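Peer 1: Chains C and F: place on chain V using the hints.
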Amino acid sequence: MFAPSGQVARMSRFANPNRFLRWSDRLVPWLATVTGVLFAVGLYWALVASPPDYQQGESVRIMYVHVPAAWMALFCYTAMAGAAAVGLIWKHPLADLIAKATAPIGAAFTLLALVTGALWGKPMWGTWWVWDARLTSVLVLFFLYLGYIALNSAFDEPGRGARASAILALVGLVNVPIIKFSVDWWYTLHQPASVIRLEGPAIHASMLWPLLLMAAAFTSYYFWVLAVRVRGEIMAHKIRALRLRQAYG
Amino acid sequence: MKRKHKRLTFVAVGVGLLSLAAALFLSAIGDSVAFFHSPSDLANHGDLGDRRIRVGGLVEDGSVQRGQGAEVRFRVTDLAQSVPVVYVGILPDLFREGQGVVAQGRLRDGVFVADEVLARHDETYMPPEVAESLKQAGTWQHMEAAGAASMPADGY
Amino acid sequence: MDPVATFLEMGGYGRFVWPAFAFTALVLAGLLVQSLRTLKSREAQLAFLRDAVERTRPTRGEAREA
Numbered sequence: 000m001f002a003p004s005g006q007v008a009r010m011s012r013f014a015n016p017n018r019f020l021r022w023s024d025r026l027v028p029w030l031a032t033v034t035g036v037l038f039a040v041g042l043y044w045a046l047v048a049s050p051p052d053y054q055q056g057e058s059v060r061i062m063y064v065h066v067p068a069a070w071m072a073l074f075c076y077t078a079m080a081g082a083a084a085v086g087l088i089w090k091h092p093l094a095d096l097i098a099k100a101t102a103p104i105g106a107a108f109t110l111l112a113l114v115t116g117a118l119w120g121k122p123m124w125g126t127w128w129v130w131d132a133r134l135t136s137v138l139v140l141f142f143l144y145l146g147y148i149a150l151n152s153a154f155d156e157p158g159r160g161a162r163a164s165a166i167l168a169l170v171g172l173v174n175v176p177i178i179k180f181s182v183d184w185w186y187t188l189h190q191p192a193s194v195i196r197l198e199g200p201a202i203h204a205s206m207l208w209p210l211l212l213m214a215a216a217f218t219s220y221y222f223w224v225l226a227v228r229v230r231g232e233i234m235a236h237k238i239r240a241l242r243l244r245q246a247y248g
Numbered sequence: 000m001k002r003k004h005k006r007l008t009f010v011a012v013g014v015g016l017l018s019l020a021a022a023l024f025l026s027a028i029g030d031s032v033a034f035f036h037s038p039s040d041l042a043n044h045g046d047l048g049d050r051r052i053r054v055g056g057l058v059e060d061g062s063v064q065r066g067q068g069a070e071v072r073f074r075v076t077d078l079a080q081s082v083p084v085v086y087v088g089i090l091p092d093l094f095r096e097g098q099g100v101v102a103q104g105r106l107r108d109g110v111f112v113a114d115e116v117l118a119r120h121d122e123t124y125m126p127p128e129v130a131e132s133l134k135q136a137g138t139w140q141h142m143e144a145a146g147a148a149s150m151p152a153d154g155y
Numbered sequence: 000m001d002p003v004a005t006f007l008e009m010g011g012y013g014r015f016v017w018p019a020f021a022f023t024a025l026v027l028a029g030l031l032v033q034s035l036r037t038l039k040s041r042e043a044q045l046a047f048l049r050d051a052v053e054r055t056r057p058t059r060g061e062a063r064e065a
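Residue numbers (numbering that gives the first Met the number 0), protein chains in the order written: chain V, 0 to 248; chain C, 0 to 155; chain F, 0 to 65.
Don't take every hint at face value.
Unchecked claim - The following residues of chain C were derived to be distant from chain V, with all beta-carbon distances above 10 Å:
#1 L47
#2 G66
#3 G68
#4 R74
#5 V85
#6 R107
#7 D108
#8 G109
#9 V110
#10 P127
What the hints assert, rightly or not - Taking lysine-lysine and the DSSO-like style, the derived pairs with C-alpha atoms no more than 30 Å apart in a straight line are:
#11 V:K90 to C:K5
#12 V:K179 to V:K121
#13 C:K3 to V:K237
#14 C:K1 to V:K90
#15 V:K90 to F:K39
#16 C:K3 to V:K90
#17 V:K90 to V:K237
#18 V:K237 to F:K39
Hints listed in this document are in silico derivations from the structure and should not be mistaken for laboratory results. A quick note: this is a predicted structure, and the numbers were derived from the prediction, not measured. Beta carbons: idealized from backbone N, C-alpha and C, even for Gly.
Chain V on its own, in the form it takes in the complex (with noise of 0.2 Å):
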């Protein structure tokens, strides 16, 4: 029952958190002023200035909030695998809060991937939703965000469900290449990559540059919200260790 006192101990031995807060500081504004920037000229350049699609029309405008919001949806799972696994391994406490706080972010661009994936679905397939291997991998992946934000909230002591969260992260990394690669592997009625391909990109560089805009406006919000949330989490560990130094005496 005197693990929480490890907790402490393990908190102030460590100087990483206490640093993270002082550069962060600094860089917050420095994120939201960018991504504010790059939405604003990114949102410009989707809705305004990008051309139709020549086969799509003005649908293919869903792209440039469907695309990054997937590939987001993958950036995220891996920094989260990858931060859960340092966590995992090293015990850095800094890495287990990083893993914790993208894990809702993570699991709100693929949300976003899946809603606008399905409004542009309707118009130019036919359909909202169908069960093949691009769809339902990316459904699971966000599944997979909502595990590990279960598990990682399960416990009473954080350093449990850290270590148990982690290896769910760890054992669902293996959905990152089934989704990028399912397109490839398997009939889908979802096509294939259109910019990170062998043969280059197959878009026009007209979308391909407000693409690449948004992508990263969507990037910088990421870090921007990330550095929000691992701020939050080190508040929240500091009034457990405060508490508990005042419970224990």
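Peer 2: Structure of chains C and F alone, referenced to chain V:
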């Protein structure tokens, strides 16, 4: 061995074994994950009975015939084999000759009777003017070639 | 047709394009606001607890002496 190294080995071996298991599992389920079958699959498969299946490929150029009411007849091709399809209903916006399509239904006397038709598009995106100038310059890869390239060569 | 209406119509795909962008804005803004609020409330809670610790320290010392 230090505990840190033990944990590292545990995670590395765990992830390795898991990837191996996943790879074996995926190659075992193989074709069954496919969302649709190609006309060649259908031709090789003999009697399908009354099973409801999906067939996918490209809408063959010049094959679309509008019948009475909402009836449409067309051929789905994978450039090796093709199958005639009949469908009554509303077609998706992307349905056109030379574009990808997935039809769901039953094969009856060599004709695929579809109850649902979904459009499939390739990975190419460009403005209409660019498509037009490519066609004029003669550097346009025919949509069939582009569409066929976007499909896996075999089941997986 | 005036240009604003044409823009909103999105070539007939307005009812798919706008919900996609609106839902994205809603989710991203919601997550950001929730993250900022959680941080603010925890910062306030921590400041309050630290104050409380400062305030109780002398009394505890007196109690021990007594």
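Peer 1: For every hint, state whether the structure bears it out.
Peer 2: Evaluated hints:
1. L47: holds (17 Å)
2. G66: Correct as stated: the minimum Cβ-Cβ distance to chain V is 19 Å, above 10 Å.
3. G68: holds (18 Å)
4. R74: holds (18 Å)
5. V85: Correct as stated: the minimum Cβ-Cβ distance to chain V is 17 Å, above 10 Å.
6. R107: Holds, because the least Cβ-Cβ distance between R107 (chain C) and chain V comes to about 22 Å, which exceeds 10 Å.
7. D108: holds (25 Å)
8. G109: holds (22 Å)
9. V110: At about 21 Å from chain V, V110 (chain C) clears the 10 Å cut-off, so the statement holds.
10. P127: Violated, because the least Cβ-Cβ distance between P127 (chain C) and chain V comes to about 4 Å, which does not exceed 10 Å.
11. V:K90 to C:K5: Measuring from Cα to Cα gives roughly 13 Å; hence the hint holds.
12. V:K179 to V:K121: holds (22 Å)
13. C:K3 to V:K237: Holds, at roughly 26 Å.
14. C:K1 to V:K90: holds (13 Å)
15. V:K90 to F:K39: Distance ~28 Å between K90 (chain V) and K39 (chain F) Cα, so the pair holds.
16. C:K3 to V:K90: holds (9 Å)
17. V:K90 to V:K237: Between K90 (chain V) and K237 (chain V) the Cα gap is close to 18 Å, so the pair holds against 30 Å.
18. V:K237 to F:K39: holds (14 Å)
Violated hint for the displayed structure: number 10, the only one.
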